[in-house]
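Build the full structure now, drawing on both the sequences and the hints.
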Amino acid sequence: MRASILLAVTLLLSACAAAPRATGDLGVVVERADGRLLVVEHSGNTRLASVEGLGDLSHASVVFSRDERFAFVFGRDGGLTKVDLLEGRIAGRVMQSGNSIGGAISQDGRLVAVANYTPGGVKVFDTATLELVADIPAIGADGKRSKVVGLEDAPGNRFAFSLYEAGEIWLADLKQPQAPKITRFPGIGKLPYDALVTPDGRFYLAGLFGEDGIALLDLWAPEKGVRRVLDAYGKGEQALPVFKMPHLEGWAQAGNEAFLPAIGRHEVLGIDMGRWTESARIPVLGQPVFVMARPDGRQLWVNFALPHNDKVQVIDVPSRTVIATLLPGKAILHLEFTPRGERVWLSARDSDKLVVYDTETLEVVAELPAVKPSGIFFTARAHTTGL
Amino acid sequence: MGRRAAKPLSREWAKGFGAVLLVLFLSVPAFADPGPARRSELTELVAQDCGSCHGLTRAGGLGAPLTAAALADLSEEAVAYTILEGRPGTPMPPWKSMLSEPEAVWIARLLKEGHAGAR
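Chains as they are written, first to last, in the numbering used here: chain A, 167 to 553; chain B, -13 to 105.
Careful: at least some of the hints might be erroneous.
BS3-like mimics (lysine-lysine), calculated; alpha carbons at most 30 Å apart, straight line [what the hints assert, rightly or not]:
1) A:496 to B:82
2) B:98 to A:410
3) A:390 to A:347
4) B:98 to A:310
5) B:82 to B:98
These aren't lab readings, by the way, just hints derived from the structure by calculation.
Remember, predicted model here, so these are calculated numbers, not experimental data.
And the structure:
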């Protein structure tokens, strides 16, 4: 009897110790000033772990391994850190440049590419070992090194990125990782500042700061070259000051239409994806930074640059109207939907908290403390091209 | 003339930012340093909001580094002017709708001296 109880207890304990945990409802939050990452879960809205020692995380972004266990964190100081979400610890870290901006993971999950400002270029690492696989200096047709922006993964184990100073788009084919094949598209326009790949992996779009319009590359037919779309937008109007660069990451697609933050205008811009013409201009209260679509495409959630960075607007897509202006906290830096969109998480940097909204009732359902939080990234991104 | 830049204000132009202009520009109504509360707001603004383009540690990002060494060849006035008027044609925005002249001068000094808020 006693022995069997002991056995039962031992079994129970070992079962607990080994309790398997899946990662499909996990995510990470960047605590940027302290170089720390929070591991969170969005089924019960709780914090699970806190991982220290990631360096300068201002503007940090994250991609996930295809098994959704590891987060690859791109730090501003050039650090690339691999974090084990289940164990809540650093699984690997390299200082790979002086100053980096973001990165992407390849279609097959074996390569992680980092976009660097200084020295300008792309470095590609093995996701298992973090060993350097390829180094691609971004020397434009002007003969100078450019900062790399808008680095995105594309089908066929390719990466697309833009050269900020030189005004070029490069497409790097890494089917043979040691010998990347690079196709260069010079003269795409002045000062590309960010880019995105559509979730179907077909189009690469780079936003331009120095000119009107968007540079578009069809990845199904790169030989046709880059063309300029939406170039009539904003012609002849005085651009308003932009106190924070908008991000193009949250490609908000609803039906055949996509939505982007306009730059220098307080509008969200709708694009007809077949004809690549302007389909809507939705006035909002400031310079939009992120325009994120709820996964069903019915709502857009928009945050703003200074001086309106305490506000978030919710747009109803069918009627193209702002249905709510929310005040979640001070300095709203990022927003992330749960995979099916019933909740959205917001980071309020200067209120030191995360705020979770129900997207149907638009009411706050949870708040979690976090120290100066910025980016929020859920593991479901692992299975979307361009995220 | 004075505050209006005849041509887009470039870095070259900023380097030559003259003393005469300076007097016109900062036309001296006994210029008041921002008070302690505002100073800590400004320090935070430099770290976080300038930091979104220039890096939290000012080591540079999409925008140029704003370390003391990087700004050594620009005068305090030229830096203040750049802050208020921005650099047309680049993402550097004019901050004059959000910062007063004394505040911009105070930030310029902070950047050039390279202390406080540099983390």
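A quick look at each hint next to the structure:
no.: 1; hint: A:496 to B:82; result: holds (22 Å)
no.: 2; hint: B:98 to A:410; result: holds (23 Å)
no.: 3; hint: A:390 to A:347; result: holds (18 Å)
no.: 4; hint: B:98 to A:310; result: holds (28 Å)
no.: 5; hint: B:82 to B:98; result: holds (20 Å)
Checked against the numbered hints above, the structure breaks none of them.
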